[in-house]
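Here's the letter readout for the chains.
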Amino acid sequence: MQTPQSEFPHTRWTLLLTLREGSPEKSKDALEALCRAYWFPLYVVARKRLSEFDAEDAVQGFFLSLLRRDALTQVDESRGRLRTFLLTAFENFCNQQWERQNTQKRGGEIEHIQLFTVHGAESRYIKHAEASTDDVETLYNREWARTVLEGSLEALSQDYAERGQKARFDLLAAHLTQEDPEISMAQSALSAGMTAEAYRTALHRLRQQYRGKIESELARTLDTTDAGVIREELHELFRAFS
Amino acid sequence: MPDSISNIVFGNEQQLFKHLLLEDDEPAVKLEDKWIGPYRLMKLLGEGGFGQVWLAEQNEPVRREVALKLLKRGMDSDQVLARFSLERQALASMDHPNIAALLDAGSTPDGRPYFVMDYVQGVPVTTWCQEKHASIRENVGLFKQICSGLQHAHQKGIIHRDLKPSNVLVTEVDGVAIPKIIDFGIAKATSDQFQDQPWVTRQGHVMGTPLYMSPEQLAGGLDVDTRSDIYSLGVLFYEMLTGTAPHEGKTHASMSHEEMRRIVDETRPIRPSVHLTELKRQRGIFTKVHDLKSESALIIPADLDWIILKALERDRDRRYDSAALMATDLQCFLNDEPILARPPTAHYLVSLWIKRNSIIFVAACICALALLVGTGLALWQAHEARQAQARAETESQRARQAVDFLTTMLDRVADEVANGRNPEALKLALDGSQEKISQLKSDPLLQSDLFNRIGLLYQKMGERGLSIPMLKAYADAMAALHGPDSHEAWNAELTYLSQMMQHGARILVPEMLTNLLNRIEAAGQGGKPHWFSGQRLMIQIWGKLRKPAKASKVAHLVIEDPRLESVVSPTRLLIKTACANAFESTKEYDLADKVLMDCHQLCLSDPSLTDRLPWLAEQRLIVQKSKGDHRRGAELAREQIAILKFQSSGKDPYLVKLLLRLAEFESALKHSTEAIAISREALKLAEDLAPSPEALKLNSNLATLRSDQMLAQFSIANYEYKAGHREEAVHMSREAYRIADEAGNKSDLAEAMLYLAQMLEKTGDLEGAYQTYELREQRSAAGGANYQRWHEDLNFRCGIRLKQGRAKEAMILAQELWSREIQSPEARKDTEHLGDVATLALRCHAALLKQDPKTPAPVELLEWQKLRNGK
Chain A
1 MQTPQSEFPH TRWTLLLTLR EGSPEKSKDA LEALCRAYWF PLYVVARKRL
51 SEFDAEDAVQ GFFLSLLRRD ALTQVDESRG RLRTFLLTAF ENFCNQQWER
101 QNTQKRGGEI EHIQLFTVHG AESRYIKHAE ASTDDVETLY NREWARTVLE
151 GSLEALSQDY AERGQKARFD LLAAHLTQED PEISMAQSAL SAGMTAEAYR
201 TALHRLRQQY RGKIESELAR TLDTTDAGVI REELHELFRA FS
Chain B
1 MPDSISNIVF GNEQQLFKHL LLEDDEPAVK LEDKWIGPYR LMKLLGEGGF
51 GQVWLAEQNE PVRREVALKL LKRGMDSDQV LARFSLERQA LASMDHPNIA
101 ALLDAGSTPD GRPYFVMDYV QGVPVTTWCQ EKHASIRENV GLFKQICSGL
151 QHAHQKGIIH RDLKPSNVLV TEVDGVAIPK IIDFGIAKAT SDQFQDQPWV
201 TRQGHVMGTP LYMSPEQLAG GLDVDTRSDI YSLGVLFYEM LTGTAPHEGK
251 THASMSHEEM RRIVDETRPI RPSVHLTELK RQRGIFTKVH DLKSESALII
301 PADLDWIILK ALERDRDRRY DSAALMATDL QCFLNDEPIL ARPPTAHYLV
351 SLWIKRNSII FVAACICALA LLVGTGLALW QAHEARQAQA RAETESQRAR
401 QAVDFLTTML DRVADEVANG RNPEALKLAL DGSQEKISQL KSDPLLQSDL
451 FNRIGLLYQK MGERGLSIPM LKAYADAMAA LHGPDSHEAW NAELTYLSQM
501 MQHGARILVP EMLTNLLNRI EAAGQGGKPH WFSGQRLMIQ IWGKLRKPAK
551 ASKVAHLVIE DPRLESVVSP TRLLIKTACA NAFESTKEYD LADKVLMDCH
601 QLCLSDPSLT DRLPWLAEQR LIVQKSKGDH RRGAELAREQ IAILKFQSSG
651 KDPYLVKLLL RLAEFESALK HSTEAIAISR EALKLAEDLA PSPEALKLNS
701 NLATLRSDQM LAQFSIANYE YKAGHREEAV HMSREAYRIA DEAGNKSDLA
751 EAMLYLAQML EKTGDLEGAY QTYELREQRS AAGGANYQRW HEDLNFRCGI
801 RLKQGRAKEA MILAQELWSR EIQSPEARKD TEHLGDVATL ALRCHAALLK
851 QDPKTPAPVE LLEWQKLRNG K
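Residue numbers (this note's numbering), protein chains in the order written: chain A, 1 to 242; chain B, 1 to 871.
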């Protein structure tokens with residue numbers, strides 16, 4: 001695990017560019033960062049069509065193809081959304097793979113390099129997406145949104161842990177998701193030795209920080225600080241769940 | 001991902017997002033029809049990071065529509081309102097047709113601050129200009145109104161602090177466009193908020209884009225005055241005319257203040273007219289579809305360039321003192337009267353100079369200014385001054401003063417140029433100066449001196465095409481002044497010929513030089529310093545014309561002439577080294593080395609020349625290298641390095657060069673490990689001695705060390721490549737590019753990019769190389785008007801496409817190269833060069849034929865074949 005500071009070291013687009021142009025070492029780091037953010041969302045897409053192992057191979061193969069720069073020739077400054085770009089590139093990749101295998105029936109040539117291990121991908125898939133009948137794009141967006149939510153929360157938790165406030169984070173985080181946390185909050189405040197008012201303020205601050213982390217991450221993937229655009233993105237991710 | 005985190009998120013995503021979205025804004029629905037104080041919210045007009053803007057209705061005391069700006073939750077409303085109340089009275093006293101009045105402020109029951117102002121139904125001013133395809137006069141007219149509004153506010157003691165297109169709205173009343181500045185007082189009231197928030201939020205929500213901020217605002221200083229708004233006005237006007245803000249191309253969205261500040265500190269904005277032309281060209285290239293309507297037909301006159309550049313001065317003392325002054329200058333522009341702003345550098349220096357010197361020199365000063373300003377007014381003033389001055393001072397004295405003044409000014413400008421900074425403003429100042437100087441007939445001494453100085457200045461700026469006629473004019477002037485066979489005239493002619501040799505039609509030089517030498521001999525000065533200097537030039541020109549035998553012949557004549565020993569040592573040193581070069585080129589290595597040894601002795605005997613010793617040592621190494629005696633070369637290099645290390649305790653910058661030479665020999669001896677180690681030592685030394693980017697700006701001499709550092713990196717890259725370490729070679733080349741980019745010297749940068757591209761090409765990354773060449777072309781073209789490397793870049797790009805087998809694209813590039821070459825008068829004269837281009841084009845054609853035998857022959861085919869055969 002990297003330190004929280006390096007969790008999102010570049011804008012995601014610059015990662016792609018690094019992948020294309022950087023030294024092997026930097027390329028590898030860049031690839032790993034991309035994998036971290038997109039492996040599972042892409043796995044969900046693949047898994048809807050393929051078996052467990054084929055899906056894993058497809059995602060692995062796709063990231064390897066990024067390293068070989070095949071897919072990166074179209075990357076340019078005209079941007080668009082990285083999330084969309086990767087989904088399209090991945091679907092193209094799968095189609096080509098499928099064609100190749102069907103027409104030539106050549107097996108056993110795919111190099112197998114373990115780049116990024118995703119533990120429990122399949123169980124995660126079963127939990128998150130197996131039962132869903134939504135289209136793959138929605139599933140993909142949803143999964144990506146989850147990755148952002150989780151990654152940002154994880155980074156925040158590390159911030160707290162670094163300040164020696166891990167317990168406090170755990171306590172507060174439990175209330176992040178509650179619509180009306182008043183009742184249980186009083187209890188928690190009591191157990192934390194805080195007044196209800198102070199507890200509410202602390203929770204408010206945690207929310208703000210959480211939002212800050214998420215916005216920073218979105219700002220990086222979108223490469224903009226335009227609050228309007230970021231808000232729009234938040235809305236869109238929100239829609240993926242409704 | 002720890003399960004605890006996943007568990008919080010999973011199943012609660014909707015909830016989390018809802019909270020996040022709720023955090024600062026109520027959903028719009030909730031607020032509609034709500035009352036805030038005496039205002040009823042009617043329609044959401046827009047929202048952004050700061051909060052929301054509503055159209056609201058006020059009933060008491062009058063019924064009217066207002067705009068209500070509701071700030072986001074989380075702002076400390078007490079603090080905001082406290083600040084606001086300080087300015088409230090001043091704000092209330094503003095009453096101007098170009099300002100939307102701020103009517104009221106308060107806070108909602110749940111503690112969100114709000115501001116109420118005149119409702120302006122309009123579009124941002126830049127949008128208006130683009131949509132209306134406003135003419136220059138319309139633009140200026142509109143902008144003058146903005147100035148007038150701002151001036152009003154400034155007079156009331158209000159600084160806006162956040163001027164940008166979205167804060168200047170244009171409404172049309174009866175078909176007349178009226179700009180209105182909104183949001184006065186808000187930036188100040190809300191500053192210092194969100195200090196503890198993540199940067200993104202702070203940036204996006206409160207301060208807006210740093211593009212429009214003055215350097216002092218970016219620096220975060222508290223001392224921000226009205227002139228900060230003037231800067232923002234400059235940016236705004238720039239954008240109105242060109243469609244983009246000055247530094248927009250260099251910025252990216254998630255840019256911090258610090259980065260923006262660095263950009264503003266280190267680069268000068270390109271003048272709007274040049275910028276616009278470039279934009280048009282780019283659009284032309286990228287779209288290829290010419291939509292005449294959307295294509296801006298604007299041509300920005302030079303005076304507007306000056307006005308904008310003055311508003312954009314980094315030093316606020318050099319900006320317009322007030323918005324009114326800027327408006328006045330714009331009116332002058334509309335009336336075709338001379339403007340104040342032109343040109344900033346000269347104007348600034350003149351005022352400084354006047355401050356420092358007594359009044360008696362003012363006439364000289366104005367005279368010099370007239371040269372650069374060239375307006376009728378200034379010339380008239382110069383004339384007046386001349387008349388007045390004539391009574392008290394002699395002409396020559398006055399002229400000397402003017403020259404002194406210009407010397408100071410031009411030397412300072414030259415420093416700027418040598419440091420590789422964008423000389424746009426200077427170039428503009430010098431435009432047409434030859435004509436203006438020619439008019440100074442009554443003052444021939446001053447006239448000739450100016451020709452010389454400006455000629456040399458152009459040379460420094462890399463404007464060779466402009467430099468040569470200047471130096472020619474200088475030589476003519478000197479001949480007229482002192483007689484064609486005076487020492488002064490000879491000196492001037494030698495300077496001119498030497499420049500011709502470097503960058504002009506060098507084929508003409510031998511004849512002109514022979515003529516000069518004959519005249520010198522006829523005057524009985526054969527064997528005197530001028531004659532020797534002429535011979536030296538002769539040796540050099542034959543070398544340049546690739547006629548080593550002729551060069552060597554002259555060199556023999558010179559070196560065996562006993563009269564040479566009576567020439568003063570510095571000149572003698574130059575002459576002898578030129579001879580040594582000539583002997584080297586005819587493979588008379590031992591003689592060359594002997595002459596250089598003589599030079600060595602000469603330098604030892606003259607204390608003023610001892611600093612040439614390391615340079616001489618390097619020359620000797622070069623001879624050994626040409627001779628191919630690498631062993632002796634390495635030996636000699638080690639010896640010289642040891643001496644220099646001893647003398648300078650290892651700190652002489654020249655050590656870097658000598659070490660690199662040594663590495664070269666070691667590499668030739670196939671000691672690649674040593675070669676790498678030695679060049680790394682050179683790099684280390686260069687890094688230790690090389691100054692920081694900041695120090696570079698202060699002293700131009702230090703810049704060469706940066707270049708050395710780059711050279712060391714090139715060498716390492718080269719040896720690593722030879723040793724088969726390709727990754728390392730590419731890495732080093734990239735590093736050199738980075739260093740060059742950081743140091744900001746344009747020619748080094750071009751060099752480094754070329755090197756990187758070649759390295760990528762060698763290591764097989766053809767596409768990477770292609771893109772590097774392309775980037776180099778773009779960056780060089782953006783760097784200034786004197787971009788001369790298009791030929792190289794196009795040539796290389798074409799070559800790569802050929803290698804890649806993309807013959808069609810290669811052909812397009814070759815044809816572009818060809819058509820640009822034949823447009824250039826110099827290139828047309830140089831058939832050898834054109835022959836190279838033709839050969840390249842023919843290779844492309846051959847490649848195309850191979851792919852498809854039916855490819856039609858291009859129209860230029862015959863011409864190409866003729867040129868190739870003629871070669």
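Please note that a few of the clues may not be correct.
DSS-like cross-link-like pairs, simulated, lysine-lysine; straight-line CA separation at most 25 Å [what the hints assert, rightly or not]:
{"no.": "1", "chain 1": "B", "residue 1": "803", "chain 2": "B", "residue 2": "829"}
{"no.": "2", "chain 1": "B", "residue 1": "829", "chain 2": "B", "residue 2": "547"}
{"no.": "3", "chain 1": "A", "residue 1": "26", "chain 2": "B", "residue 2": "722"}
{"no.": "4", "chain 1": "B", "residue 1": "670", "chain 2": "B", "residue 2": "547"}
{"no.": "5", "chain 1": "A", "residue 1": "26", "chain 2": "B", "residue 2": "762"}
{"no.": "6", "chain 1": "B", "residue 1": "762", "chain 2": "A", "residue 2": "127"}
{"no.": "7", "chain 1": "B", "residue 1": "684", "chain 2": "A", "residue 2": "26"}
{"no.": "8", "chain 1": "B", "residue 1": "762", "chain 2": "A", "residue 2": "28"}
Cβ pair distances, simulated, as ranges [unchecked claim]:
{"no.": "9", "chain 1": "A", "residue 1": "28", "chain 2": "B", "residue 2": "127", "range": "17 to 27 Å"}
{"no.": "10", "chain 1": "A", "residue 1": "123", "chain 2": "B", "residue 2": "267", "range": "47 to 57 Å"}
{"no.": "11", "chain 1": "B", "residue 1": "688", "chain 2": "A", "residue 2": "239", "range": "24 to 34 Å"}
{"no.": "12", "chain 1": "A", "residue 1": "26", "chain 2": "B", "residue 2": "127", "range": "53 to 63 Å"}
{"no.": "13", "chain 1": "B", "residue 1": "762", "chain 2": "A", "residue 2": "239", "range": "17 to 27 Å"}
{"no.": "14", "chain 1": "A", "residue 1": "52", "chain 2": "B", "residue 2": "14", "range": "25 to 35 Å"}
{"no.": "15", "chain 1": "A", "residue 1": "28", "chain 2": "B", "residue 2": "650", "range": "57 to 67 Å"}
{"no.": "16", "chain 1": "B", "residue 1": "127", "chain 2": "A", "residue 2": "132", "range": "41 to 51 Å"}
{"no.": "17", "chain 1": "A", "residue 1": "236", "chain 2": "B", "residue 2": "863", "range": "56 to 66 Å"}
{"no.": "18", "chain 1": "A", "residue 1": "236", "chain 2": "B", "residue 2": "11", "range": "36 to 46 Å"}
If you're looking for bench data, these hints aren't it; they were derived computationally from the structure.
The beta-carbon is built from N, C-alpha and C at its ideal position, and this holds for glycine as well.
Legend entry - Hints not upheld, ascending by number: 1, 4, 6, 9, 11, 12, 13, 15 and 18
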